[in-house]
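Enquirer: Sequence:
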Amino acid sequence: MPELPEVETVRRNLEATVLGRTIQSVRLSGKKLRDPISRNLGTRIRNRRIESVSRHGKFLLIDLDEDQTLISHLGMSGRWLFYDEPPGPLPHVHVRIAFADGTELWFQDPRRFGLLRLVSTSRRSRDPALSKLGPDPIATPLRGNWLFERARGARVAIKSYLLDQSRVAGIGNIYASEILHRAGVSPRRPAGALTAREWDAVADEIARVLGEAIDRMGTTFSMYRTLWNEPGTYGDQLLVYDRAGEPCRRCGGTIRRIVQSQRSTFYCPRCQSLRRRRPALSIARGQSGA
DNA sequence: ATCCTATCCTGTAGGC
DNA sequence: TGCCTACAGGATAGGA
Numbered sequence: 000m001p002e003l004p005e006v007e008t009v010r011r012n013l014e015a016t017v018l019g020r021t022i023q024s025v026r027l028s029g030k031k032l033r034d035p036i037s038r039n040l041g042t043r044i045r046n047r048r049i050e051s052v053s054r055h056g057k058f059l060l061i062d063l064d065e066d067q068t069l070i071s072h073l074g075m076s077g078r079w080l081f082y083d084e085p086p087g088p089l090p091h092v093h094v095r096i097a098f099a100d101g102t103e104l105w106f107q108d109p110r111r112f113g114l115l116r117l118v119s120t121s122r123r124s125r126d127p128a129l130s131k132l133g134p135d136p137i138a139t140p141l142r143g144n145w146l147f148e149r150a151r152g153a154r155v156a157i158k159s160y161l162l163d164q165s166r167v168a169g170i171g172n173i174y175a176s177e178i179l180h181r182a183g184v185s186p187r188r189p190a191g192a193l194t195a196r197e198w199d200a201v202a203d204e205i206a207r208v209l210g211e212a213i214d215r216m217g218t219t220f221s222m223y224r225t226l227w228n229e230p231g232t233y234g235d236q237l238l239v240y241d242r243a244g245e246p247c248r249r250c251g252g253t254i255r256r257i258v259q260s261q262r263s264t265f266y267c268p269r270c271q272s273l274r275r276r277r278p279a280l281s282i283a284r285g286q287s288g289a
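Position 100 of the first sequence, counting from 1, maps to 99 under numbering that gives the first Met the number 0, and the rest follow consecutively.
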């Protein structure tokens, strides 16, 4: 569910809401997420003040005072929810953080693929979850040539390559398809076979698609919500994702769904040709020979 | 090193 | 209506 734009939206929401607040009490569900939540998490973050909220790729980093950082990943179905007045019990709420003024911050995650881990702020970037991440494309705008050089020799399909968080951090299954469609690159091309020009187009579209999605508070396909339980509106802008069989908005061709690395990929075979453009001569010769 | 597969978990949509 | 299966925006360990 949540990719970079959704996580950035939540980060901004958290920054606007809980920055400077001091945690008064914590309640845990006791259920394990991707990893078990530390049993003493509550005692370790009680009385800590929230100093900053940052993000790398899909990871949120909530820095507290006393050299503590809460690392959070939303997985497929995680949500942070803020309440001025907390409602009655909700299912799948694994952490409830209460502040002194009665407001609360909840972490809800039905599928429990999310992550919550407390680490030392000074050593946070050495955490195994963060240490292997590639650059965050919002913090560090990517250059086509840098991507081109780095992908040299990679035989994996460009779609799967963009999902690899150690290459670029933050792109997920929806935006990978959208980015490649706008760049006019077939998702089936080997990453190492893209030309420098094509990487320029991919780099431009990474910045443009992610930026516009942040402006619209992300894409709500089903689970994702902002901190105030509102849907994002980038879903209106999707050109290929979940549109199999429908007409391409650019060329009128039919959007196709394929499976790559066991994930759905959507693309327009006409706009996103598998072959690089060939000289007109070879086409003419093929016709005359028929 | 690279690449692929299976796995963790619940909710939901679609077929019958 | 209800039952069953397939699938869903994620990362990661382990094997080829």
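What the hints contain is simulated information worked out from the structure, not anything from laboratory work. Be aware that one or more of the hints could be misleading.
Per label pair, the in silico range of CB-to-CB distance [stated by the list, open to error]:
{"id": "1", "residue 1": "154", "residue 2": "122", "range": "31 to 37 Å"}
{"id": "2", "residue 1": "251", "residue 2": "43", "range": "21 to 27 Å"}
{"id": "3", "residue 1": "86", "residue 2": "142", "range": "44 to 50 Å"}
{"id": "4", "residue 1": "51", "residue 2": "232", "range": "26 to 32 Å"}
{"id": "5", "residue 1": "154", "residue 2": "50", "range": "42 to 48 Å"}
{"id": "6", "residue 1": "86", "residue 2": "191", "range": "25 to 31 Å"}
{"id": "7", "residue 1": "51", "residue 2": "260", "range": "23 to 29 Å"}
{"id": "8", "residue 1": "45", "residue 2": "82", "range": "17 to 23 Å"}
{"id": "9", "residue 1": "21", "residue 2": "253", "range": "52 to 58 Å"}
{"id": "10", "residue 1": "75", "residue 2": "275", "range": "18 to 24 Å"}
{"id": "11", "residue 1": "236", "residue 2": "66", "range": "18 to 24 Å"}
We put the CB at the ideal spot given by N, CA and C, even for glycine.
Enquirer: All hints, please: hold or fail.
Expert: Right, here's what the structure says about each hint:
1. At about 35 Å, the CB distance of residue 154 to residue 122 agrees with the hint of 31 to 37 Å.
2. Checked against the given bound of 21 to 27 Å, the beta carbons of residue 251 and residue 43, roughly 58 Å apart, lie outside it.
3. Under the hint 44 to 50 Å, the C-beta atoms of residue 86 and residue 142, about 47 Å apart, fit the expected range.
4. A hinted range of 26 to 32 Å holds for the C-beta pair residue 51 and residue 232, which are about 27 Å apart.
5. At about 44 Å, the beta-carbon gap between residue 154 and residue 50 stays in the expected band of 42 to 48 Å.
6. For the pair residue 86 and residue 191, the beta carbons lie near 51 Å from each other, so the given range of 25 to 31 Å is not met.
7. Checked against the given bound of 23 to 29 Å, the beta carbons of residue 51 and residue 260, roughly 35 Å apart, lie outside it.
8. Our hint of 17 to 23 Å for residue 45 and residue 82 holds, since their Cβ atoms are close to 19 Å apart.
9. Our hint of 52 to 58 Å for residue 21 and residue 253 holds, since their Cβ atoms are close to 56 Å apart.
10. For the pair residue 75 and residue 275, the beta carbons lie near 35 Å from each other, so the given range of 18 to 24 Å is not met.
11. Against the hinted window of 18 to 24 Å, the Cβ-Cβ separation of residue 236 and residue 66 comes to about 41 Å, which falls outside the hint.
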